[in-house]
Amino acid sequence: MQIELFMRHPLRSLLYIEWILFAVVMAIEVSPRDGQAIELKWLNVGIVVVLALMGLHLPLGKLLVRVLYTIAQTIVIFLAAYVGMRQVGLLCVIVLMRSYLVFGRQYRLWVTGGIFVLYLIATTLFPYRQRSRAYRGLPPRTNITNGNSRPQPLPGTSAPPVDPQGESAQETRRERDGFKWGFVSLFAGILLSLQLLVDRILAEKQAKEELAIANQRIRTYALRAQENGSLQERNRIAREIHDSLGHSLTALNLHLEMAVKLSQIQPEKSREVLLEAKRLGSIALKDVRESVSTLRSDPLHNQDLTTAIYKLADEFKLSNQIRPACYLDLPLNLPQPIAITIYRIIQEALTNISKYAQATETIVEIRTEPTTIELNIVDNGRGFIPDHNMSGFGIQGMRERVLSLQGEFKIISNTDLGCQIVVSIPFVKE
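The sequence shown lines up with residues -3 to 426 when you count with this note's numbering.
Don't read these hints as lab results, they were simulated from the structure. Every residue, glycine too, gets a C-beta built ideally from N, C-alpha and C. Hints are all accurate, no fakes.
No more than 27 Å apart at the CA atoms, straight line, and that leaves these computed lysine-lysine pairs for DSSO-like:
1. Lys351 to Lys406
2. Lys274 to Lys257
3. Lys406 to Lys204
Distance windows between CB atoms, simulated:
4. Leu60 to Ile381: 45 to 55 Å
5. Ile359 to Val45: 42 to 52 Å
6. Asp300 to Leu227: 19 to 29 Å
7. Lys351 to Glu396: 12 to 22 Å
Hey, can you work out the whole structure from these sequences and the hints?
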């Protein structure tokens, strides 16, 4: 289940970056604090684990679900700040990267501002130095020990001079505030830089997806152009046949008329004309046979698909001594392109089984679903490794035929485990 969620993550490179940041947070959390030994807080670990698991599946549907998901992450961030985790900023960065994927581009600037405000609120409500000592059961750091609130000397040192005006304390406070706001400004710059980086990554991802779609469309158009080219070629050959065959038949007809006229006057001459007519007839017959085999545009021979498939099964039995079991559930209004594609795939599959599989059992099954035609061809033969045998013209041709109809083509096979061809073609039954 987790592997499936991981595979469906919209951008796995950002998921890898998340895991690296989580590893950094975990390493910092288990490192010694204030000179003490390594102390593992299971609540801190639980927060990191929960936040990591929330990133395996990002809600990309309804806006309400996405907002609730972001609120849940915000609660986890506040909890991390409350228990004294030292890298709340890194956790905010992780939530920010996820939010860029969850929300569209028009919301990303708002998301960046929201995460920045979240960081300010969390670190203001729960300052790290005080919350971390209180969380470990230690008193706050201070050298003030009497009612006059004067700083007391540390052991082995002399008392500092009293500053009645509190100028030293104010200077220290100003330096601390300056450091704090400098760090806040740096964090804001990091968030803005991260937004630009993620925007670029997502733009590149979108460009690649659009390029893949464009390539698929080009491939489809190329297949259609190839079909159109084949049609044009058939028309060209038909014209040539009309011209050449028409010429042969016309010459044959003239010779026969001449033979009839000469049969009573010059029998020998008539015999010669008949022999020439026979030669012309043989030439015309040869032209017809070659033309029919070249130009046949309907491989079903004007039969319905069910009858044509059963004839393929009978032909397969003649050469292999086994007859494929055919389970056919076909609609009456199946379009011709789909019928021809199914017929050609079954024809090629049975040819391959006959050549290579050495199977003793073969099944051809066609099911009509509400929106698709499902074709399954199964044999119990030798099988093969699909990755090593996908470049053949037969398999490639089957795949291209299915893709030209916006369908899906899959081969499931392994050595000595037979083979299964699975085809799904879009079709709405009327």
